[in-house]
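With the hints as your guide, set chain P onto chain F.
Residue numbers (the working numbering), protein chains in the order written: chain F, 13 to 207; chain P, -18 to 200.
Heads up, a few of these hints could be off.
To be verified - Example chain F residues on the side facing chain P (calculated, C-beta under 8 Å, incomplete):
| id | residue |
| --- | --- |
| 1 | I189 |
| 2 | S191 |
| 3 | G194 |
| 4 | T196 |
| 5 | I197 |
| 6 | I200 |
As the list claims (entries may be wrong) - Partial pick of chain P residues on the chain F-facing surface, computed with a CB cut under 7 Å:
| id | residue |
| --- | --- |
| 7 | P85 |
| 8 | E86 |
| 9 | L89 |
| 10 | F93 |
| 11 | E149 |
| 12 | N152 |
| 13 | L153 |
| 14 | H157 |
| 15 | I158 |
Just so you know, these hints were derived from the structure itself, not from any lab. Even glycine gets a Cβ: it sits at the ideal position worked out from N, Cα and C.
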Amino acid sequence: MSERKLHIAILEPSEIIYEGIVNILLSSTHNIHIFRIDSIHEISNSNEQEPTDIVICNPLVISSNFSEFTEIKEKFGALIWIAISYSFSEQKLLQAFNDIIEITDKPETIIQKIENFNTNMLLHSKQKQQDVLSEREIQVLEQLVKGLSNKEIADVLHISTHTVISHRKNITQKTGIKSQSGLTIYAISNKIIQL
Amino acid sequence: MKFSEVIFENPSILILMEHFEIPCLVHEKTIEEICKEHNVPINVVLLFINLYNGFNPTQIPNFSKKEIEWIIQFLQNSHLYYTDYKYPEIQSYIKELTVLNTAPEVKLVETFFNEYFEEVIEHLEYENQKAYPFFKKLLQENSPKEPKNFSSEEYHSHHTDIEYKLVELKNLLLNHISLGNDGIIRRKLLMSLFELEYDLKIHSLIEEMILVPIMRKYE
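One chain only, chain F, in its complex shape (with noise of 0.2 Å):
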């Protein structure tokens, strides 16, 4: 099964307690990449080009700041925030992340936390992954290699050519292919239709 690579931003003051948990994270045998940040703020930048999934994050940085936690929180629903427990924290602090990390647990009981929430995203990513037309998509496809325009291909499947277009953007998202040339070599491959 190929793995896809598990980003984990780390948000903790403490050189100890981050160069312990960067040890004991590249010690499992995931594809794992980390990154120290030092405010919340920077999820917001690195989510655009690689998203984030885990945050890892002393949750004393967060309590001056809570309500910014919790719109970023909001904002990138996807995203599972770890804490790390080694001092007091407010249970009400603590109820806002997805789980806790004690300073007490073990490297593989730490591993295990993480690769609780890497189970739940692969299967999410992978339904979104999938390059299967729907079967719209593929009366679209197959009305757009015999060279019909939009308007014509909306007159034979009895749709409006704003769907049309919609469609073929969704085609083009999911096969990585515009031109229809480039749809026919797809169709004729995928033997939605033969020549």
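Relative to chain F, chain P alone:
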């Protein structure tokens, strides 16, 4: 820094050298020595080496006329590389592919590519016949006698189209076209496509981010 070190770090620099008409034998010489020996402006060479290594310039230096002439020459040499060498190489791989793989879609790939190659030649001819001579004239006279007959938006959209078709072709070869008895040729074809795409991307970057802004100053 020795020129050979630059090449070891990124072998694509060999293509950059060809575009600058610098032969591959560099002895133990530094970049400065090689540039002096072959009469190429070191500032342009350094800027382009950085581009090939993934570093975009934060600002465009004020190049002299001679340096700008060399930028245009570099681009023209790249065109020859594409039309006389790289695209024909890909074309011949595709021809071999049609012999080894009898799936119906493969013949279409040949048509797809030939039409695409014609589009590319048209675009490159446009640059050779219209854009570059216009720029050269600007350099000499400082005020063009004819109205400019190109637009940077058109430029950009041509580049995007050309690069996109390459992406489609790579996509089709990697993800969709059925395997015949063509594994090795497919790999050679894909590698060639990746190499071409890499050089084309930098070529477009130079035209859009460096040449066009520079020529704007002359208008």
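Which numbered hints are broken by the structure, listed smallest first? Result: no hint breaks.
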